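> Listed below are the residues making up each chain.
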Amino acid sequence: MRKTKNLIAAFCGATLLLASMNAGAAGKTLVFCSEGSPEGFNPALYTAGTTFDASSRQVFNGLVKFERGTTKIMPALAESWDLSPDGKEYTFHLRKGVKFHTTKKFTPTRDFNADDVLFSFMRQFDPNHPFHKISGGNYEYFNSMSMQTLIKDIVKVDDYTVKFILNRPEAPMIANLGMDFAVIFSAEYADNMMKAGTPEVIDFEPVGTGPFQLVMYQKDAVIRYKAFPDYWEGKAPLDNLIFAITPDASVRYQKLKAGECHVMPYPNPADLEAMKQDPDINLLKKEGLNVGFLAYNTRIPPFDNPKVRKALNMAINKESIIKAIFQGAGTVAKNPIPPTIWSYNDAVVDDPYDPVASKKALEKLGVTDLEMKIWAMPVQRPYNPNARRMAEMLQADFAEVGVKVEIVSYEWGEYLKRSKDLNRDGAVLLGWTGDNGDPDNFLAVILGCDGVGSANRSQWCYQPFEDLIQKAKIVADPAERTKLYKEAQVIFKAQAPWATIAHSVVYQPVRKEVIDFRIDPFGGNIFYGVDLK
Amino acid sequence: MFLYLFKKLAVTIPTFFGVTLVAFIFIRLLPGDPVLLMAGERGISDERHAVLMAEMGFDKPILVQYGYYLADLAHGDFGTSIITKRPVLEEFATLFPATMELSICAMLLAILLGLPAGMIAATKRGTAIDHTVMTTALAGYSMPIFWWGLLLIIFFSGTLGWTPVSGRISLLYYFEPVTGFMLIDSLLSGQEGAFQSALSHLILPTIVLATIPLAVIARQTRSAMLEVLSEDYVRTARAKGLGPQRVIGLHALRNAMIPVITVIGLQVGVLFAGAILTETIFSWPGIGKWMVESIFRRDYSAVQGGLLLIAAIVMLVNLAVDLLYGIINPQIRHTDS
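As you go down the protein sequences, you meet chains A and B in turn.
With this note's numbering, letter number 99 in the first sequence gets 99, and the count goes up by one each step, no holes.
Here this note's numbering = 1-based position in the second sequence + 533.
Isolated chain A (complex conformation):
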């Protein structure tokens, strides 16, 4: 009996030790219960947000950055920039006195300069660059943002001035440079590792200029960082940052309650009510930078008729979907961009939910006994947590107006591939999460003519809309761009290539002792500026 008591005492002791983490560790330590392991520590090579959280958002900086908690572009390693009159040359004036991290394998002998910018971009841009093929050499974000075709050349003007020469004017260029793939590596570190015969080390043992430097990574277990004392914006208020990798959302919540971590991402919708009631937890909330939709194939009759699409949209009870599928963690979408993005047109009026009017309109258009397919994604996404259930609800809604729906689904890779097909049979449930906070990233990528047969799942190429978004690409004035994008949203609503369904609402529970954690609109977790009581 005494032994049992001792054992229990030992367990309690261990738990208490965990609870008193801040007192025990040297300085202030924040524990983030992250949802998974990073694929690596070079954000240019990967596309997962989990990887960006572990690398670009703590260890690195880009030339520009997004203001924490917003999509506003701010200077970072570039103090300022100029644009040539033809909109094709961006000249960046680099910040002086920026230090790189010192690690066991690398002690920098110089500050950040233009060579580092050239190294970081030329590695991705130039197939003959000595580092291009290292670690697999797939730069999917660089490619998917069309940087390969957009950039003509990158030139070092002097040690602190770099010029990006483009093939065409591209207003979202600056926003692209705020993305994770565009972070700056140390060219000196890369040289050293190449000489040592281990060039791939730069991708797994990162050296950046960011507020935290990597101390240790144990796959699927823990990532440890310490604050970089010479960080150019000033040392972070936290001394240590730990990612405790915890894949299960219920377990993350238990750890948060037990004080084993301070911040957790992706809570279970079912746990939100309990979190709101918990006196130790602050439940933060923000609209996500995404949109979930049902994309008709606008090349196939009767969906090639915008009036049919509009009539079908009126049959959808979006409020019910938000309640049932999102359990409150979502809002009805009326535009193809979320309200958090500048140029969102709030004046647009959504199609009303009116099954009677919908049925009448379909009959008037001669669309009777319509049979169609709805594709349900096999995976969970923030913009659609349960596509199968959503498809069933749409099936019931459409049945009310006399449209018979067959639900189909495929393995995720197959789904993505087959749904691109120009002659695809049926409407596809899908969505989009913004990369850089620019409306172009939504409207041009998933509704532009270039995306037909690819990311544009409605296969919709409508010239008046296309003209507006192409014009907005080359106009530098934000007010003028806003006007163009607002007009484009009006056209979108009238033409209805999709039924816009929902924007998710992101919830993030943090313990009460956490100060100034802000939900990142891009879905990231940024800990510079966060403190502990």
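It is possible that some hints are incorrect.
Think about it this way: if two alpha-carbon atoms lie no more than 30 Å apart in a straight line, the pair counts; the simulated DSS-like pairs of lysine-lysine are [as the list claims (entries may be wrong)]:
# : chain 1 : residue 1 : chain 2 : residue 2
1 : A       : 133       : B       : 618
2 : A       : 417       : B       : 540
3 : A       : 105       : B       : 618
4 : A       : 99        : B       : 618
5 : A       : 219       : B       : 618
6 : A       : 104       : B       : 618
7 : B       : 593       : A       : 417
8 : A       : 65        : B       : 618
9 : B       : 618       : A       : 195
Treat the hints as calculated values from the structure; they're not laboratory data.
As the structure is a prediction and not an experimental result, all values here were calculated from the model.
Fit chain B to the known structure of chain A by using the hints.
Chain B in isolation, oriented as in the chain A frame:
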């Protein structure tokens, strides 16, 4: 004995090749490919898709790919993960000790509790004890691991606060892994309280992972014991006036162990399967979770390499079980020879 070992090994080698083929084919039969999944909603042009597949060697005929794979294996190269770009063997070696440590503890718990429980149930056949043991075993066998794990976490970690929620050791302790076995590394670190912390983190996952093998072992021991206890030689031993402890411990148990050991050997495979869920619930950085993620991402190299290594370990354990038969019952060894 050597001939016996040789014969067993000779059977193992073709099985190993069979596993290479199954592992290779299995992952390629799944729809989708790593490039499509990597691109996600963003999509990828057909040209770029073809380039990336070619860079990874997936554009070649499947037999040619298999040939390259075997040639690499012959050189001890299990390939490089498509996702993390790290050697598969290195990733496996990093994660395997965690699974091994948990599996050993779970198996020990299952044997230490399952064997006596089965023996007691057999000797007290038809009593309330027997019914209690068998009902508990059935409940344990039928329990969904995920639900059971969460229940234990909520009760022992959440409500009572006795055990940590998940992980292998408190984040307070920080040392470089030496063996990968946290119990050993925590002792080697010399940090006060580290070993206790590692031990406390093992308790709940061990219970969860041991539940099914424990139930199976208890049931198997009971039925094997019942069969042996009705044998003539046991009756003779009793008639000679031997005490019940000697009859059961010396005569009955040894013979009842043969089917029990078979079951224990087979449970190693079950443990690896159970580890997938247990490791996910308890954030245990082992190979179970790694394999599942690799399958989801169509990381061909990681899946085929991981499956092969796991299969090799299961085969080795079963080989060891075969050899154990010979030690426990020399008749088997002589018959096979």
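> Check each numbered hint from earlier against the structure, then list the numbers of those it violates in ascending order.
2
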